[in-house]
Amino acid sequence: MNTYDGINLTATAAADTAPPLVEIQNLVKHFPITRGILIQRQVGAVQAVDGVSFTITQGETLGLVGESGCGKTTAGRTILGLYPATAGVVRIDGQDLMTAKGADMLAIRRKAQMIFQDPFASLNPRWTVNAIISEPLRVHKLFQSEQERSERVRDLLELVGLSPRLANRFPHEFSGGQRQRIGIARALASDPEFIVCDEPISALDVSIQAQVVNLLEDLQDQLGLTYLFIAHDLSMVRHICDRVAVMYLGKLVELAQKDELYENPLHPYTQALLSAVPLPDPAAARRQRRIILEGDVPSPSNPPPGCRFHTRCPRTGDRCAESEPVWRDAGGEHFVACHSV
Amino acid sequence: MVGVSRSVDDLLTPPLTLRQLMWLRFRRHKMALFGVAMLILLVIYSFGGAFFFSEAYANTTNTKMRLQPPMAGHPFGTDTVGRDILARTIYGGQISLIIGLTAALVETIIGVLVGALAGYYGGLLDSVLMRVTEAMLSVPQLFLLIVMAKFFGGQIPDLTVMGRTFSGSVIVIISIIGVTSWMYLARIVRAEFLSLKENEFVLAARAIGTPRWQIIFQHILPNSIAPIIVSATLGVAGAIGTEAYISFLGMGVRPPTATWGNMLDGAYNYIETAPWLWIFPGMLIVLTVLSINFVGDGLRDALDPRSRAT
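Protein chains in written order, with our numbering: chain C, 1 to 341; chain B, 1 to 310.
Isolated chain B (complex conformation):
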């Protein structure tokens, strides 16, 4: 609440929009601001770095230069087959960030659709969708990931976008992560829809005769956007972590395409003898996930309409 009483003149000045209020609340979270700055730097690193090294260079093996510690020509050292780790963290970062964003997008789309349909229509559809959700939740995600990675891995041919070739396994990993992580969001969205659809403004829209899809997408969805955005943000961090996880197990994105996750694969045997193998990609993963989580926390407060403090 604004502490000072408002005069009539105040009412004539344009009031703060919802977006301005959000920014005021977000700004108070120092860690969230740090997270945003960090993420911008990481994006610049991954996508700007491509101007200094070609992808071919990042994938060039040189057995004479294997397992070199950081030095002048290779500031982050070289890996087990002599590839430059700096260049690989740059290209790996691109893939990891893309996987994080798109997997979270897949997750959000599935979660919102399932939750919205179950919550809005209720009845048998709700029962069926929620039982499916519970069934998915009761299977450990790791098990699902491994089985699906094994089953679908290598089924998709490589893909060329804008002159670059992506391993088909990137698509597989994105789909697998998206398909195995939407359940919590679906439940959140369903709960939001259940409470919002009884709201009088939704009844008013129905009394007007507004078509159903407009009620769902223009009335209810915008009002449940806060938990969806927060969940999607945290989903990016989760997806990057999960990708690292399956890639570390050797079932993720196939070499030579680098990701921060599959750079850790193989580093296991050199934990003490060649720590630069895991320190750099590991640090980047930790930094990214941490920053995204900070941003998510900041968004949670900024988007909460009950938090009035500015």
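Here chain C stands alone, though its shape is the one from the complex:
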């Protein structure tokens, strides 16, 4: 155990000795806006993700938070190659996802899976649970016979806390929480190392949310999974994540260890977000100073120049509209992009 701890310490101290499982460099995803009847010409682009970089080490959970429309879902999908990236590098376990093709791509897909937001849309309504969960097994040819596959499906159902007897049912016979468990079982079927959780609990009842989050944590402990946890519920993110990245209008504004970020937020946007988290203690809630941001999020097809947050920032200065703030380490792996910090 000592050696294990030793490895872990060096991994956090010097990233180059133990390469991270997931490495994102300057990821860009623009959706073209086209016009034309037969020949489409591009007249603009929705800059959903515009230069995002981070790494995730093995066994870690990185939270990605931000308000709706900031590009966090797009980032998650682009990382898994569901949208072709406009630019940037994505490496999963050392393999470059952008250039991988055919069998290489399939190998990456086996290692990297996704859990979706809407449990009602993420399961094919015409397939049985058995067919849904065994799809990765069939695609990756993981078992020879149908029988071995259904055996594995039953194990997976048990792993996520569902009765194996339900394997022949259709998705419409399940509740939202149960469906999400089926989606989790499907994501686990091919024994992945990395899972993108795209707001996996935001469509569920509050009482079910805790169950699903606990399930995700248990699975992480059991199987040594690495998560990218996309969410907008900040208290849930603090509960489950190791580090948290904050996104605004396609760019990361801050990234730090969760306690550092929640107790010492540097970026004014992070401060505003955190001030909106409801506190369970009414006395503390009364003392809490809410930072109300003015105006709306600008359109990602026409983002403001300079710092993208300057139109709503309470601390905006002359520099903010002119030059883009640099993404830098403010000390102790606390990254931030702001001129006033």
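The hints are simulated quantities; they were obtained by calculation from the structure and are not laboratory data.
C-beta: ideal position from N, C-alpha, C; glycine also.
Warning: the hint list may mix true and false statements.
[What the hints assert, rightly or not] Label-pair restraints from in silico Cβ distances:
(1) Phe31(C) to Tyr45(B): 57 to 63 Å
(2) Leu124(B) to Ser299(C): 26 to 32 Å
(3) Asp304(B) to Glu173(C): 56 to 62 Å
(4) Lys101(C) to Ala135(B): 33 to 39 Å
(5) Gly122(B) to Asp104(C): 21 to 27 Å
(6) Gln25(C) to Leu124(B): 43 to 49 Å
(7) Arg138(C) to Tyr121(B): 23 to 29 Å
(8) Ser299(C) to Val132(B): 34 to 40 Å
(9) Arg165(C) to Asp304(B): 26 to 32 Å
(10) Leu124(B) to Glu324(C): 32 to 38 Å
(11) Asp304(B) to Asp218(C): 38 to 44 Å
(12) Leu194(B) to Lys101(C): 24 to 30 Å
(13) Glu148(C) to Leu194(B): 54 to 60 Å
[Claimed, not checked] Derived, one-sided and incomplete: chain C residues facing chain B with beta-carbon distance under 10 Å:
(14) Gln40
(15) Gln42
(16) Met105
(17) Arg109
(18) Met114
(19) Ala121
(20) Pro125
(21) Glu135
(22) Pro136
(23) Arg138
(24) Ala187
(25) Lys258
(26) Ile291
(27) Glu294
[Said to hold, decoys possible] Residues from chain C that keep clear of chain B, each with C-beta distances beyond 10 Å, as calculated:
(28) Gly59
(29) Val89
(30) Ser122
(31) His140
(32) Phe170
(33) Glu217
(34) Asp259
(35) Tyr262
(36) Arg287
(37) Gln288
(38) Arg290
(39) Arg312
(40) Ala330
Chain B: place on chain C using the hints.
Chain B only, in chain C's frame:
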């Protein structure tokens, strides 16, 4: 929704499958049930009748017996060259039903392929396919039918299948009807694909690495099957009507092969003097088209997953 609350025991009994639910919804449509019964009778009539009359008999002319009203030996009367109308409606029914089914099949295959490719791949392919579709839609179907019938008619030699000879014009008519009627289905399928391909279960399949053709044929297509089935059903009725239409204009299936449509050809001059010439084949066409449309309406409701009533 089921009105009573479900106990735990209920969950252990096997639930209704999608097919059972469909049947429950279909059953409520009395007209659709009538349509199904009617179609079964029509098929029995057309294909079972062949055991009583030979095709040669249906095509035998007898100028001494021309334009006879219904009587003992010829219950539906005889036509302008003395052929028995009962026997001809039986063999004509076979051809008309076959044309209806196969033309609708051609229509469905083209429509689904064009719509699926345009909807799934998008981009330039979508633009090209949809402009072609619009171009086809903007030409009146009647004009297309006549030109193509004139151009291709008689180009295909007669065909012998299972000991029976079919006029080559049957193939021509099937192709022409199929090729000129797929456009609406293509648009429907494209719209279905456009919305379904953004669904999270399709993204999940792509994240798994499922090959494209499997995503198209196993994930998206089964989920857009409802409008396709309805459209194909109504397409059968449309094709039977269209065949009657071109055959009435004398450009359809060539005699002596009978169809309900070409039996009407020539009846025009005897509308009042020999009404049995058009009443029987006309009635059969109306009955078939009507029944199929009733079935189509029933299927539309039965296949609609939003319709929960049982």
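| request: Take the C-beta atom of glutamine 25(C) and the C-beta atom of leucine 124(B), compute their distance, and say whether it sits inside 43 to 49 Å. | output: violated (31 Å)
Practice prompt. Beyond 10 Å from every chain B Cβ: check whether that's true for histidine 140(C).
Written response: violated (7 Å)
Regarding the hint that arginine 109(C) lies at the interface with chain B, is the smallest CB-CB distance below 10 Å?
holds (4 Å)
At 10 Å, judged by beta carbons, does tyrosine 262(C) keep clear of chain B as stated?
holds (30 Å)
Task: Agreement of hint arginine 138(C) with chain B interface, Cβ distance less than 10 Å - done: Holds - the Cβ of arginine 138(C) comes within 10 Å of chain B, reaching about 9 Å at its closest.
Arginine 312(C) and chain B, when compared Cβ to Cβ, separated by more than 10 Å
Check passes; 30 Å lies beyond 10 Å.
For the restraint on glutamate 135(C), tell me whether the closest CB of chain B is nearer than 10 Å.
holds (6 Å)
Q) Does the hinted range 56 to 62 Å hold for aspartate 304(B) and glutamate 173(C) at CB? A) Hint violated: Cβ distance 19 Å, outside 56 to 62 Å.
Original post:
Okay, leucine 124(B) versus glutamate 324(C) on CB: inside 32 to 38 Å?
Top reply: holds (35 Å)
TODO: Determine whether the non-interface label on phenylalanine 170(C) survives the test: each CB of chain B must be over 10 Å from its CB.
DONE: The claim is violated: phenylalanine 170(C) sits with its nearest Cβ about 7 Å from chain B, within 10 Å.
**Message:** Given isoleucine 291(C) as an interface hint, is its Cβ closer than 10 Å to any Cβ of chain B?
**Reply:** violated (34 Å)
Leucine 194(B) and lysine 101(C), beta-carbon distance inside 24 to 30 Å?
holds (26 Å)
Taken one by one, the earlier hints fail for this structure at numbers 3, 6, 13, 15, 25, 26, 27, 30, 31 and 32, listed in ascending order.
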